[in-house]
Amino acid sequence: MAGGLMPVVSRLLAAGCPSAIKTVRAGLMVANSPYCTTLTGEFNGRTTLTGESSETQTDSPYCTTLRDFADPSKLKSLFPRPGADSFGQSLSPQLPPAAKPAQKRLTKEELALQAQAEAALEQAFSILQADDWRRVDTQDGDELCVRTAGGRNVWKYKTVVSCSPEKFAQEVIHNCTNCPSWNKTIKKCQIHEVSDGVEILRQETKELLGGLVSQREFVNVRRRGRRGQMHYSAMASIDHSAFPESDRYVRAQLFPTVFTVRPCADSPDRCIVEGTFNYDLKLRLVPLRVIEGATFSAWRQLRTQLLRCAEHVRA
Numbered sequence: 077m078a079g080g081l082m083p084v085v086s087r088l089l090a091a092g093c094p095s096a097i098k099t100v101r102a103g104l105m106v107a108n109s110p111y112c113t114t115l116t117g118e119f120n121g122r123t124t125l126t127g128e129s130s131e132t133q134t135d136s137p138y139c140t141t142l143r144d145f146a147d148p149s150k151l152k153s154l155f156p157r158p159g160a161d162s163f164g165q166s167l168s169p170q171l172p173p174a175a176k177p178a179q180k181r182l183t184k185e186e187l188a189l190q191a192q193a194e195a196a197l198e199q200a201f202s203i204l205q206a207d208d209w210r211r212v213d214t215q216d217g218d219e220l221c222v223r224t225a226g227g228r229n230v231w232k233y234k235t236v237v238s239c240s241p242e243k244f245a246q247e248v249i250h251n252c253t254n255c256p257s258w259n260k261t262i263k264k265c266q267i268h269e270v271s272d273g274v275e276i277l278r279q280e281t282k283e284l285l286g287g288l289v290s291q292r293e294f295v296n297v298r299r300r301g302r303r304g305q306m307h308y309s310a311m312a313s314i315d316h317s318a319f320p321e322s323d324r325y326v327r328a329q330l331f332p333t334v335f336t337v338r339p340c341a342d343s344p345d346r347c348i349v350e351g352t353f354n355y356d357l358k359l360r361l362v363p364l365r366v367i368e369g370a371t372f373s374a375w376r377q378l379r380t381q382l383l384r385c386a387e388h389v390r391a
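Residue numbers (the numbering used here): 77 to 391.
Derived from the structure by calculation, the hints contain no laboratory data.
Keep in mind that a hint or two might mislead.
[As the list claims (entries may be wrong)] Cross-link-like lysine-lysine pairs, in silico, DSS-like; alpha carbons within 30 angstroms at most: (1) Lys282 to Lys260; (2) Lys264 to Lys243; (3) Lys282 to Lys243; (4) Lys180 to Lys260; (5) Lys282 to Lys263; (6) Lys263 to Lys243.
All values derive from a computational prediction rather than experimental measurement.
Model the full assembly from the supplied sequences, consistent with the hints where possible.
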């Protein structure tokens, strides 16, 4: 059979059809098999099996005659189309894998800011997890605690809100520019991004402590993210060229502070909000007892705002 096909093979090779050449090669390989069909006698357009039986095999789907190879109209059905596999099935074009976005290369200044943000985060968590807090106020199971550190009072608050922790954290932590919509103490919020999860945050307040304190400005380096199921936002004051100091505002100082959202263990549709007040509002003539009393009011106001924010997110 191989010898009889040589003229056809020569024609296909001369045509330079790669898929045809592959098919003929495969046919020649099968020609050496004992199961191959071969010619008997003169070529009459049919093939018969070698061996004892010489039945005509034209009904077999595997039977191919030399006439099929010689007929150009039939060659198209024997060889796969471009863009098809060996069985004639269309193949989808192979698209290259999606290129990953190039990661921003940080400058020395940005690397330093990133390190400051990480340091503030660890300090803030260390303060939050201290074991010497004293409870000083409660509201329906929520609480306000205080401890003394560095010669000043630091406050910790905790409240439970009826909202999915993922949705609530998205609103109050990861969508920080929307903060003035639910935190009525904040008048304006601006962000200068440093790297993924690190940013410079400027917040302009309204009058504080019931009008006792004029507007204040905070410029902080912030680290936000999550640890397990807990979302967090940690901040500390910093000087940065993106937000130069202005005579219009008194710039307050924020010591390492953290705000966290985590799911309640007994209810996936509720979450615990926990954080710290750790700042210096630059009040020199206001008695400490007045500041402490105002902090109680500020905590209760924040609690009310968090509960209202949860209602808005649920809706």
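Okay, the hints, checked on the actual structure:
1. Taking the CA atoms of lysine 282 and lysine 260, the gap is about 8 angstroms. The hint holds against a cut of 30 angstroms.
2. For the hint pairing lysine 264 with lysine 243, the CA-to-CA distance comes to about 23 angstroms; that is within 30 angstroms, so the pair holds.
3. The hinted pair formed by lysine 282 and lysine 243 meets the criterion: a straight-line CA distance of about 27 angstroms does not exceed 30 angstroms.
4. Among the hinted pairs, lysine 180 with lysine 260 is inconsistent with the structure: their alpha-carbon atoms are about 35 angstroms apart, more than 30 angstroms.
5. This hinted pair checks out: lysine 282 and lysine 263 have alpha carbons roughly 6 angstroms apart, not beyond 30 angstroms.
6. A hinted pair counts as satisfied when its Cα atoms are at most 30 angstroms apart, and lysine 263 with lysine 243 qualifies at roughly 23 angstroms.
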